[in-house]
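Undergrad: Given next are the chains, with one letter for each unit.
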Amino acid sequence: MKSILLVDDEPMTLRVMRQALEKDGFQITTAFDGKDALEKITAKQPDVLITDIQMPGMNGKELCLQIQASMPDRLFPIFITTSLTAQEHRDWSGAISNLFFVEKPISLRKLRSVLAEFSLPPKSVTGGPAQ
Amino acid sequence: MIVASLVAISLTVATLLWNQKESQEKQIRAQGVSLTRMLSGLPYEQLVPSQGQQDLLNTIFQSQHDPNFVYAAIVDTQNNPIAIASAPGSTMPLVDFPEKPAGWLSDRMVKASNGDNIIEFYSPLQLSEDREAYIRLGYRQPVMGVSLEQVPFLATLGLIIFLLTPLFYLLVRKEVRPLREANEKITAIIESEQFQKVDLQVPAELTGFLDRFTAFVEMAKKRIEVLENDQTKLVTSKNLIIYSKSRIEAVLEAIPESVLILDQSGNISFANRNLTTLVGVPLDDVVNGKPADWCVNQELFAFISLYSKQSAASRLSETTRLNVGSIKPKNLVIKAYPIFSTTDSSDINGTLIVIRDVTKESTSQRQQGEFVAHVAHELKTPLNTLGLYAQALLDDDDDDPKTRIEAANIMNDEVERLAGLIDNLLSITRIEMGEVSIERQRLRLHDFLEDTFKVASRTERASILTFELDLASNLTSIMADKNLLRIAINNLLTNAMKYSPPGGLVSLISEETEQSVRIIVRDEGIGISEEEQELIFERFYRSESAVARKSAGHGLGLTLARDIVQLHYGTLTVSSQLNEGSEFVIQIWKETGMLKQVV
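Just so you know, the sequences run in chain order Y and B. Its first residue numbered 1, the first sequence is counted upward by one per residue in the working numbering. Its first residue numbered 132, the second sequence is counted upward by one per residue in the working numbering.
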């Protein structure tokens, strides 16, 4: 069973996404901010990381930069949910491999289809950012 | 005067006596010379008579009747007297001739045995070849002295002088009086330090002089007047220049930009206070020093240096943007303008450098950008939840009623949240645009505060906090817009709860004085640093502190609260200690207090 770490400061969002993704057969862990997430990743790497970008404390951007710095050989993909477009995050996201943007409001259908590509054992992905 | 008379008398007498002695001596010499010459011409036999003959020498001596004629003698070569005639009581001094007696008539001074000075005339006699002899005639040298017969004459002379001196003195005094008076008057004028005409009654001889003197003084006076006039004009124009200079400087001080003026040689001739504040250097150092000494920022220094050079002075600069300072970063816009002469536009008097601090504007722009991003996030978050639940409902193959009810409830909450957020945004925009008309009504403050407090303390966050409500039951009524004031107090309470630790105490307290009411919201939360206390009321400002960032916010709550309080002519202030808590105080004037404020 593939594991997904969901990071969001909105409890309602976490709740409904956990319900939907658990139904799809993923094992879900949640974190409420970047710091919490980083602790959980250090303890056990997930197969997929889905994180919000705007969070109090450590936000999604800092979380990604810290992961990139502390585990450069990471293989799991990161999905970032954002109110903005991928264009506006180009500055800092360019250096991070295996990083994809999911625009808010999140379409579960789209998310599922992207995740389907990772239902096989993790491998290097060459595709561009998800729209 | 007596001394002067006596001196005059003495001098006169002495001169007379000296003159008398001189003339006597002259007379003696003339007489001596002629007599010696005459005697030396006589034959020796006549001069030295043989026995029974008349003694010529004695006869001549007797005939002279001169009291100063002391002796007449014929001597041989050994100076032995051959014949001698002398005054009674006098002897001829036995003084040798000089080694080689002169061959002709000569005279010399010899000393008599009684100490008198003798003028002696001597000459060889005409003799036969084997005989030699000399003639010597001695006269007593006259001395200065008063003889008895002279005393009456001298006394008369003395008396005349004695009487003439005071007369002379008085006459001189009389003559000098006008001069003395003129002198006194001029002295008085000098002492009074008031320039005035010298008016004098003077005798005819002095009139001409005094007229010219007065004319000269008048001329000097006119010249002084001209100089004084010039001086006044000079002072006036100097004052005018100082006035216009100070006015120009006042203008340069008043403008919000920092100003630096370089003169033709590129030296700094003026800097306003804004500039000294900007660069943090005393004015004197800026104006009297070189930019290299006080300008720390390299880019600013480079800019000033460039325009200090003659070649650059005539160019209008590009607007240059600089970011200076590492502790308190500043964004500056700097521009140089050539200062053209007002009379000749090809003549350049220097360069005006204007530096504008656009930090606030840049910050405001950046904050506005952040705000838009934040609003987008805030709007999209409930939308996201709504969308997710809608999709969950669509996908709900089991048709589980529990899931449907939960989804419906959450969707309802999110819609309310969205509406509240939009309301807040609209309120602040309208207030800041000045479009809000305040609807004042009499508000029973006690009931209003209690109600607002209850609503706020029913939220989810409130369940982990403790509350204190301290309101006087007889609290006054005020005229206020109920809905707006509720938003303000609610925002303060929400903040207090948001930044309080679990179990923290949140208080709402009222205080009433004769003129005003104070509504205090106090918490024991994270507190606000002193620097941030100035900033938290600014639109879009969100605390930099990580602790505060943990809580969601849009940087508008306090701005809105202060706007609302100000609409009620009140004040909203904060006092806070980091990690100890904050206290926000709304002070609203009661009607009496308001009147007093106006008066």
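Because the hints were derived from the structure by calculation, they are not lab data. Even for Gly, the Cβ is constructed at its ideal location relative to N, Cα and C. The reader is advised that the hints may include incorrect statements.
With the C-beta cut set under 7 Å, the calculated list includes, among others, these residues of chain B facing chain Y [what the hints assert, rightly or not]: (1) Ala507; (2) Leu514; (3) Thr516; (4) Gly518; (5) Leu519; (6) Ala523; (7) Met564; (8) Ser568; (9) Lys613; (10) Trp720.
Undergrad: It remains to establish, for every hint, whether it holds in the given structure.
TA: Status of the hints after comparison with the structure:
| no. | hint | in the structure |
| --- | --- | --- |
| 1 | Ala507 | holds, 5 Å |
| 2 | Leu514 | holds, 5 Å |
| 3 | Thr516 | holds, 5 Å |
| 4 | Gly518 | holds, 4 Å |
| 5 | Leu519 | holds, 4 Å |
| 6 | Ala523 | holds, 5 Å |
| 7 | Met564 | violated, 26 Å |
| 8 | Ser568 | violated, 34 Å |
| 9 | Lys613 | violated, 32 Å |
| 10 | Trp720 | violated, 38 Å |
Comparing the model with each numbered hint stated earlier shows that hints 7, 8, 9 and 10 do not hold.
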